[in-house]
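Colleague: As a plain string of letters, each chain reads:
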Amino acid sequence: MRFVNEYRGPEAAARFARALEQAVTRPWTIMEICGGQTHAIIKFGIDQLLPDRITLVHGPGCPVCVTPVELIEKAIAVARLPRVVLCSFGDMLRVPGRSGDLLAAKAAGADVRVVYSPLDALALARAHPDREIVFFAVGFETTAPATALAVHQAAREGLKNFSLLVAHVLVPPAIEAILSSEAVRVQAFLAAGHVCTVMGWEEYVPIARKYRVPIVVTGFEPLDILQGIHMAVLQLEAGRAEVENQYSRAVRREGNAAARRLIGEVFEVVPRKWRGVGEIPDSGLGLRDNYAAYDAERRFALEAHSCDESPECISGLVLQGVKKPPECPAFAVACTPEHPLGATMVSSEGACAAYYRYRRAAAELPGGRRH
Amino acid sequence: MCLAVPGKILSIEGTDDLLRSARVDFGGVVKQVNLAYVPEARVGDYVLVHVGFAISTIDEAEAREVFEYLRRIDELAAQEPGGAACDS
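Protein chains in written order, with my numbering: chain A, 1 to 371; chain B, 372 to 459.
Each hint should be verified, as a subset may be incorrect.
[Claimed, not checked] Under the rule of at most 35 angstroms between Cα atoms (straight-line distance), these lysine-lysine pairs were calculated in the DSBU-like manner:
| hint | chain 1 | residue 1 | chain 2 | residue 2 |
| --- | --- | --- | --- | --- |
| 1 | A | Lys43 | B | Lys379 |
| 2 | A | Lys106 | A | Lys323 |
| 3 | A | Lys43 | A | Lys324 |
| 4 | A | Lys43 | B | Lys402 |
| 5 | A | Lys106 | A | Lys210 |
| 6 | B | Lys402 | A | Lys160 |
| 7 | A | Lys43 | A | Lys323 |
| 8 | A | Lys210 | A | Lys324 |
| 9 | A | Lys106 | B | Lys402 |
| 10 | A | Lys160 | A | Lys210 |
| 11 | A | Lys43 | A | Lys106 |
| 12 | A | Lys210 | A | Lys43 |
Keep in mind the hints are simulated off the structure, nothing from the lab.
Make the full structure from the sequences, and use the hints.
Modeller: Here it is in structure tokens:
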């Protein structure tokens, strides 16, 4: 496929690895924000190609993973109501809540459906005026324009049977939370390319300046990630802390103006609890008052119950880059994709799922990283 | 979740700004994609598609930048004393 395979050449990857070897004089720790980047790094073995002195830690950029248990419980509660069809992306169905997951609710009779796009949920609302269609809207800034357009269009069409359970989260406040934490050891960030496709990169400039960290907007293919790392290392070695854009084929400084406009019309910035991390101020999107009629939490008067994580699960530390999945005693033992203790083992972007899928065999070898 | 896949626009239909859509070819698989956020997109353009929406057009000149970058750092390495030794 064009704009995919060109960025996967092993010869070019080896040239980047040699250039990194030459550039590095000290140990550096770099965090990739996005779970999609984490999967590419583990799948293609990019971390194993790097000089020993460069450590990659994995960030919180998996929206399914950070969706709080309380919201999953609300989704299960609304799915069980008569006439309701609850729709979401596939990963969301198997994330454990307190009382099971959405797939279990479906097995027990709730109408839970996987959709590819929020527009599919909207089409269900048009086709079934006698049913209540609730879209469980998870995602970062990348996905927010799709949700915004679906609810905006529902309002235009006067659809009364469509609503959103909103779990949207924002990246920059999470970066600030990581940098403000005592356990922080991240010296540079690869920012999430597709989030910046929508939002641009200006909002990262004050963060780079305040915390003196290089931030490189980076794509998702192996050569993108290697270039992003190289750009970050050159900044670290030179003592610079700037925002740079590796992913210029898709990301413009100001982002996508039309998408930002509709996000701003439909959503406002709200505090949001992140699973395993806690509440982060100004880190979520909620519906504005003029779209309150489409808020499933209000429409169905869903109550919040505080929920505890499985005590065995360290996904909060994994999501903050403090621990890696194989350091968890439950990894691949009590916690597997078939029986996950935490969301990071479920999602196709979760760090634990990535290590389980691509590194488990190596981790189980004598002398491997498991202990 | 933030997965976005590049595809080529085969045809465009609709005039409503929010509902304009395209048939997009992803290496042989063709899907219908909403174009509300890429008003500049034309037939033949490559777009990045996420959950049924094009979120950006791909700048074909910028798409070569990774390889230009690699060429520049290779050149720099060749100029530096001892740099070429690392290639062995």
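Colleague: Compare the structure with each hint and give your call.
Modeller: How the hints compare with the structure:
{"no.": "1", "hint": "A:Lys43 <-> B:Lys379", "verdict": "holds, 26 angstroms"}
{"no.": "2", "hint": "A:Lys106 <-> A:Lys323", "verdict": "holds, 34 angstroms"}
{"no.": "3", "hint": "A:Lys43 <-> A:Lys324", "verdict": "holds, 15 angstroms"}
{"no.": "4", "hint": "A:Lys43 <-> B:Lys402", "verdict": "holds, 27 angstroms"}
{"no.": "5", "hint": "A:Lys106 <-> A:Lys210", "verdict": "violated, 47 angstroms"}
{"no.": "6", "hint": "B:Lys402 <-> A:Lys160", "verdict": "holds, 28 angstroms"}
{"no.": "7", "hint": "A:Lys43 <-> A:Lys323", "verdict": "holds, 19 angstroms"}
{"no.": "8", "hint": "A:Lys210 <-> A:Lys324", "verdict": "holds, 27 angstroms"}
{"no.": "9", "hint": "A:Lys106 <-> B:Lys402", "verdict": "holds, 28 angstroms"}
{"no.": "10", "hint": "A:Lys160 <-> A:Lys210", "verdict": "violated, 46 angstroms"}
{"no.": "11", "hint": "A:Lys43 <-> A:Lys106", "verdict": "holds, 32 angstroms"}
{"no.": "12", "hint": "A:Lys210 <-> A:Lys43", "verdict": "holds, 34 angstroms"}
The structure does not agree with the numbered hints 5, 10 stated previously, though it agrees with the rest.
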